[in-house]
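> Put the two chains together into one complex, using the hints given.
Residues per chain are reported as follows:
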Amino acid sequence: MHVPDGFLDAPTSVATGVVAAGTVALALRGARRELDERTAPLAGLTAAFVFAVQMMNFPVGAGTSGHLIGGALTAVLVGPWTAVLCMTVVLVVQAVLFADGGLTALGTNVTLMGLVAVVLGYGVFRLVVRLLPPTRGGVLAGAAVGAFLSVPAAALAFVGLFAVGGVADVSLGAVAATMGGVHLLIGLGEAAITVAVLGAVLTVRPDLVHGAAHLRRAVELAPRPVVAPASGSTR
Amino acid sequence: MSRRNRGFLLAGLLVALLIAGVGSYYASASPDGLEWSAEEEGFGHTAEDSAVADSPLADYAVSGVDDGRLSGGLAGVIGVAVTLVLAGGLTMALRRRSGGTPDREPAPADLGG
Chain A
1 MHVPDGFLDA
11 PTSVATGVVA
21 AGTVALALRG
31 ARRELDERTA
41 PLAGLTAAFV
51 FAVQMMNFPV
61 GAGTSGHLIG
71 GALTAVLVGP
81 WTAVLCMTVV
91 LVVQAVLFAD
101 GGLTALGTNV
111 TLMGLVAVVL
121 GYGVFRLVVR
131 LLPPTRGGVL
141 AGAAVGAFLS
151 VPAAALAFVG
161 LFAVGGVADV
171 SLGAVAATMG
181 GVHLLIGLGE
191 AAITVAVLGA
201 VLTVRPDLVH
211 GAAHLRRAVE
221 LAPRPVVAPA
231 SGSTR
Chain B
236 MSRRNRGFLL
246 AGLLVALLIA
256 GVGSYYASAS
266 PDGLEWSAEE
276 EGFGHTAEDS
286 AVADSPLADY
296 AVSGVDDGRL
306 SGGLAGVIGV
316 AVTLVLAGGL
326 TMALRRRSGG
336 TPDREPAPAD
346 LGG
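Chains as they are written, first to last, in our numbering: chain A, 1 to 235; chain B, 236 to 348.
Hint data in this document are derived by calculation from the structure and do not stem from the laboratory.
A hint or two may mislead.
On the chain A side, residues computed to face chain B include the following (Cβ under 7 Å) [as the list claims (entries may be wrong)]:
#1 A31
#2 A43
#3 A48
#4 G102
#5 V182
One-sided and incomplete, this derived list gives chain B residues near chain A with beta-carbon spacing under 8 Å [to be verified]:
#6 A282
#7 G299
#8 D301
Virtual Cβ for every residue (Gly too), placed ideally from N, Cα, C.
Just chain B, with the same shape it has in the complex (with noise of 0.2 Å):
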């Protein structure tokens, strides 16, 4: 990888890891748009309990962290950090290994999607 790919790479996941870790605390707390509406159509009450309702990052807190703000950063970088190496794994698995053409455009008729 350039060092000018790794220098983007590293400030997004910087962005992502602030977001997350700290930004994350200062979100409404307001129910989002679906559950309000259910609430003010009359279905939320049959709304369960997710199977992972107890775990351990259940609701963006980590169980034994008191303090909110600690808990939910916390929680948010984990998730951070997951999703990249989920997603992250699974493009580059995927990726089309550049077989002494790096850096060129695909041909027109691959753009098509």
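Bound-form chain A, shown alone (with noise of 0.2 Å):
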């Protein structure tokens, strides 16, 4: 999904460049709301930890593969506002060191993955477990569905950008069939490791998901059961 350097003119690599910078200035402010003592490591453990698997490409057939975006996923663990600011640390430095994403490019690369994905992808997430009961597998099936769609939407908008700044002067509808078809297809990818890392960690520490905040709440709600007064408790 990494944009290089050339496919999109100079007025529309500006224009994302713009966005880019708006979004993560926004997000700078946005984050503060959800990073704290315990949250802020963790924020900086799911980029490098997304920076790792993004290495880790799949074959999807036909000599194509894709790999981990990670938006929902980051957006899920750590909050849409933090997630923004990961996904932009992970492909500014994909950029500039492995020279992964061109550099003029980076202000696009940034509004594929680190807004349309994130805001997509949590944006579903929100709706599919707004109609679940509020279980451990809702935040699951809403982070599955949140990741598989943030892939194709991503890809969607590389051609909505492409329509406008695209340098080659090729069949729009092909171009967009190819791309949406092939990120269907890393989207269930994207889907799998979505949930898979995430049910890895709510196992060990759901009280660190910020897209679980709901199930806390859930319990602290529910009726408290009966207990003996144990002696020497101090809670």
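Here's what the structure looks like:
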């Protein structure tokens, strides 16, 4: 998904750069509400983890491959504003140190994977979670659907940018069909990895998961079981 | 940071380092979805080399290290470390300092996002 230099013309790259910069500026403010002593280190780890997993391209047939974007996973784990920042750091490191994704295309890549994938992935997650009972399974189902759809959404957002500022003169419909089709397949991998990682974190530290806060509130609101006063209890 | 948090974070970091340092060698080398689509639809040739295409870590390989497994693994470990320092530094700088109310949920009104 990392857009190289050259695919999009200069005005489009500048425009996505402005969008990316504005998004990051907003996220720097929004993330303050999501980050505290417990979640800030987790956010740093999540970014490093996404960097690592993005190196693991998996085959999707027909001589092509895909890798996790991680926008939905990160948003569910640490919150959407923080996710924008985490994804941006990953993309900057990849572009500057590893020449993965162009430098002039950095704004485009932040827009596609740091904004579109995060917003759509997290938005769909919230919607699905609201429709399902407040259980661990509901959280995982929401994350799966959000992660799955975030990939073709980012791919089609690229096609939209390509329609405006694509350098090559090729059939847009064909580009949309090819990009959308292959990224639907990659989205399945995105959903599988997202569920595996989120499921693992929910098992050991559900209290750290931003998108599972409603589960904790549900537990707190539930009638407490009557327990005989325990001797020596400090709670 | 509590011992419980530290253990969780160290375990997570270990998994990330293993994936980037060891697992990445086994990743598919096929072009990714965008690259493949670009070739299929005839605009792959419009890609240009990044200005940092000759950097010592370009394409997840450490220049000067000939062994592919070592070179890629080292690049992955460096990437995880740099990402952790940058993202962790940023999020730690932005975090709310707990002024005597640690480990409590924020009020429901704060959970809107």
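> For each hint, tell me whether it holds in the structure or not.
Taking the hints in turn, this is what the structure says about them:
Annotation: interface hint on A/A31 holds; nearest CB of chain B at approximately 5 Å, less than 7 Å. Nearest Cβ of chain B to the Cβ of A/A43: about 4 Å, under the 7 Å cut. The hint holds. A hinted interface residue such as A/A48 counts as satisfied when its beta carbon comes closer than 7 Å to some beta carbon of chain B; here the least separation is about 4 Å, so the hint holds. Using the Cβ-Cβ criterion of 7 Å, the hint placing A/G102 at the interface with chain B is satisfied: the shortest such distance is roughly 5 Å.
At about 4 Å, the closest approach between the beta carbon of A/V182 and any beta carbon in chain B falls short of 7 Å, and the interface hint on this residue holds. Evaluation of the B/A282 hint against chain A yields a held restraint, the C-beta minimum of about 4 Å falling below 8 Å. A least Cβ separation of about 16 Å between B/G299 and chain A goes past the 8 Å threshold, and the interface hint is therefore violated. The restraint placing B/D301 at the interface with chain A is violated, with a minimum CB-CB distance near 19 Å, outside the 8 Å limit.
Against the hints set out earlier in the document, violations occur for numbers 7 and 8.
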